Each structure stands twice: as C-alpha cells, then as structure tokens.
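Chains as they are written, first to last, in numbering that gives the first Met the number 0: chain A, 0 to 267; chain B, 0 to 267.
Keep in mind that the hints are not guaranteed to be accurate.
To spell it out: a stretch of chain A is covered by chain B in this simulated footprint if at least three of its residues, at any positions, have a beta carbon under 8 Å from a beta carbon of chain B; those stretches are [unchecked claim]:
1. 85-98
2. 130-138
Here are a few chain B residues that face chain A, going by a calculated C-beta distance under 8 Å [claimed, not checked]:
3. Q13
4. Y14
5. K15
6. N87
7. A92
8. I94
9. R95
10. I126
11. P129
12. R132
13. L134
14. Y140
Think of the hints as simulated: they come from the structure by calculation, not from any bench. In this text, all values refer to a predicted model and were calculated from it rather than measured experimentally. The beta carbon of each residue, even a glycine, is placed where N, CA and C say it ideally should be.
Protein chains: 2
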Amino acid sequence: MNISRVHSFSATIQYKGTNYNGWQIQNGQAGKTIQGEINYALKKITKSELIHTIGSGRTDAGVHALGQVIRMDLPFMIEPIGLQRALNALIPADIRILEVKKIDESFHPIYNAKWKEYIYCFSTSTIISPFDRELVAQYPYEIDIAAMKNGGRLFLGKHDFCNFSCTGTEVKSTIREIFEFSLEPINGGHPWINLASSGATANYYLFRIRGSGFLKQMVRLIVGALFNLGRGKIKETDIAAALVAPYGVKKVGFVADPEGLYLAEVHY
Amino acid sequence: MNISRVHSFSATIQYKGTNYNGWQIQNGQAGKTIQGEINYALKKITKSELIHTIGSGRTDAGVHALGQVIRMDLPFMIEPIGLQRALNALIPADIRILEVKKIDESFHPIYNAKWKEYIYCFSTSTIISPFDRELVAQYPYEIDIAAMKNGGRLFLGKHDFCNFSCTGTEVKSTIREIFEFSLEPINGGHPWINLASSGATANYYLFRIRGSGFLKQMVRLIVGALFNLGRGKIKETDIAAALVAPYGVKKVGFVADPEGLYLAEVHY
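From just these sequences and the hints, can you work out the full model?
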C-alpha cells in the first residue's frame, strides 16, 4: 500500500459464525467472511481502497467469536467511537463491534497476544433446543465426563501439537503451550426459554482451554480426542503417545463440529 | 378426507420462527411454514396424503414457539414415541417435537384451550449480541418501565380488543380476557456467552401475558402501545379509550417486531 502514514485501530468484535466461511478472506473460495464484511464497510466509511485488517486468529467456517481482536489500518484519523458506530451501522447484525481503540502502529494482533482462550459448548441430549442449534455442538452419546477431565490434563504444558492440527497449513513451529483447561456442566439455553420449555435444553457442557496459541483446528481435534476418550474408544495412553510422537501417528481424535466453538478472549 | 377412522395425536412443539413464514400453510404465499414442514414429514412417514394438522394458534412470520400444541390426524396407528422420533429425524433442526400423545378424536387445539401465554423479549441496548439478534426485539430508546407496568394493568380483564388486532381477519368476536401480565428485567443471552462478553447483552426485559385467547397481532400491538406509553408518546387515558371505543379509534400502538415474540404455553 502506498500510504505515507497509516492510522491504526484495534477492535474487539463478536460474531455468530453460522453464516460465514470463517474470519479470513479466502481467495477464490465461495462464501462470505467476517473480514470481507468489515473491509467492505471500512472502504465505504473511508471512501478509499487503502484499508487493511488483520485478525488475532482465523476462525473456521461456522465458528463463533466472543472477543476476536483485530487491527484496522485506515488512511486517515477517525474518532474511535464514531468508527465503531459507523461500522455497526454498515455490517450485518450477526457481527458486532464491541469496542474500538486507537493503537500504536507497532501493535500486532497475533504476535503480541500473550494467551488466547477458546470455549467449546456441547450437549449430549438427543434433542437440542431450536434456539441453540447453531450455538451448541450435539454429541448425543453416553460419555464419561470424569474420564474426559482426567484426559484433558495430558494437554497441559508445552507440547508438539503436530498430531492435533489440520494438515496443509504452513507454520514455523507446531509447539504450543496450554496453560489451563476446564470441563463443567452448564445450564443451557436462554433464561427466558428455560422458564417455559421442557427438558430439551439439559445436558450442556462447557470446555474451556487457554494457551499461548492454537494451530488450525487444534481445539476441535483436542475435543474430538476427548470425546473418543469419553466413549472408551481410545485410552489416555493413546493421547499421551500422540503428544510425543512425530507427525503421522494413529489419529486419536476427529475434528469436532464447528458450531460449539467460540474464540472467547485474546489477552495482550 | 375419505378416512373411515382417523388416529389423532397431539404434539408439543418448539420452533425458532426466523426462517419461516409463520405456523400456518398460506395458499399462494411464498415462504416455508412450520405446518408445511410437519405435513411433509407426516406424508413421508405414513406414505399417504390422508393426514391433517391443526395448530393451537397461528404464529406470524418470524415469531417463535416454546410450546405450540398441535393436533395430527393420521390414517393409521403409530406408537407416539416412534412418531416423535420419526418426525424429529425428518423436519429441520429449528423445529423440534418435544412430546407426542395419543388423544381422543374430540380434542381441538384451539377450542379446548383454557388459556394461552405469550412472552415478548426486548432489549433497549444499542448493541444486541449477535447470538440473540433473532431472538430478542431491539427497542433502543429510553423507556419508562414503571409507566409500562402501570399501563399494562389496563389490559387486564375482559375487553373488546378490536383496536388491538390486525384488520382483515374474520373472527366471530373480538372480545378476549387477559388474566395476567408481568414485565421484568432479565439477564440476557446464553450463560456461556455472558461469562466472556462485554455489556452488549444488558438491558433485556421480558413481557409475559396470559389470556383466554389472542387476536391476530394482538400481543405485538399491546407491546407497541406500551412502548409508546414508555416513551411518553401516548397517555394511559389513550389506551383506556382504545379499549372501550369502537373499531377505528386513533391508533395507540404499532405492531412491535416479531423476533421478540414467543407462544410460550397453551393450557387445556
């Protein structure tokens, strides 16, 4: 870009990923992206093509965000509050800009992140409330939650996650550090829906994981491995082996459905 | 229909109305309907055109149901639990059959109802969480909730609601009785979304109304009148006048947006 000086902003954004092909603009791929919608709005606001955006992480098709952080470079200064309002007026209602801040040009939403937290919400019910169907993954099997909690401990610490990432993505290193995780039952659904509805919203669980960074589909592959563990299809030793073995070891997981996954928070 | 004997069932169903043109099949009108989806599935299950369904009430385009009750007439007997499972396997995930019961042929879901309850969920926030956008009506104004609660009392009891119904529908009588209502603040959003998100889900309110029956768009016109009252655009005396005046009095309300409305319960 031929800009003598850029004006940089960060934004915290929330989106329901159901109708999008993920955060990042995909060259040649069909489907709308969150970044595509935001870039389109920024070009309208600035009446310029000289805009640039970077997200703190790609989220895949159907994956949601509660606190995605992005950087926006514009060719001139705009008041942050005015920029937030203008964006929210122009982008679809399933993407909301929660906050805009003026930032230093040196800020990078990926490299400056200290940790990221993802949550994965799933239900073991055979019936999911129609109001939650796009926001909760359904895994309608008898699973041993205690075994999954025990197995989750294996991921803590620094590991080579090459066996827990989608192939075909180029990264410098597949080593990541997991700081914390939890798996707990949670009351499902909207409060006003629970009040009147039947038992259709029971048996929800929330998996949280906080780490230095995550490879492509890493959280969903970890959840898939824990699902397999919870059903007795694999043992803890299989997960432990996959965490030390070189790339190509027997698959211990599968890519769990996207609708339960949320990029919850990025911490700087 | 030329059926020597029908086998009748009732079903309690839940649906997210966003993608539907209401409950009832509309001849000549575009758009999918909930009834259309259920009839289609029943014809597949019975391999017969000799099926018939009746809902306890039409819900308009975009309106939801937590406990719509319907009657289904089939040409032969099916176990209720098997019928429920077969229906849930064939209909879209935004409609769920919560329960199926064998019923007497005399049961009529409209005429046998003792009361119905609707809820209307709205937010006064300027930003609505992307996860709630289709489930909550946005009314981003400063409103006097106490004044609305006081005004709501005027609707209690038996009244001619001709000025609170959509014109063009033929009904024998426009007299209905309201038994109860409430208007309270409520914690918005899904519990797991609240945990991590910003203040975007604040300022939710829940309006409940229970009555002998409701005319077309009656709840939304009542809510619209209360919104006008809450903003000081009309006075309590305007509502009182509309409840005693013949059809055609000055409009006190407007048809509030459909996405906040839920048919919550039908009691027999």
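Hints versus structure:
1. 85-98: Holds, because 7 residues of the stretch 85-98 of chain A bring their Cβ atoms closer than 8 Å to Cβ atoms of chain B.
2. 130-138: holds (count 4)
3. Q13: With a closest approach of 6 Å, the Q13/B hint holds.
4. Y14: holds, 5 Å
5. K15: holds, 4 Å
6. N87: Hint on N87/B: holds, closest Cβ of chain A at ~7 Å, below 8 Å.
7. A92: Holds - the Cβ of A92/B comes within 8 Å of chain A, reaching about 5 Å at its closest.
8. I94: Holds. Min distance 6 Å.
9. R95: It holds, given that the least Cβ distance between R95/B and chain A is near 5 Å, below 8 Å.
10. I126: holds, 5 Å
11. P129: holds, 4 Å
12. R132: Because about 5 Å separates R132/B from the closest Cβ in chain A, which is inside the 8 Å limit, the hint holds.
13. L134: holds, 6 Å
14. Y140: violated, 16 Å
Violated hint: 14 only; the structure is consistent with all others.
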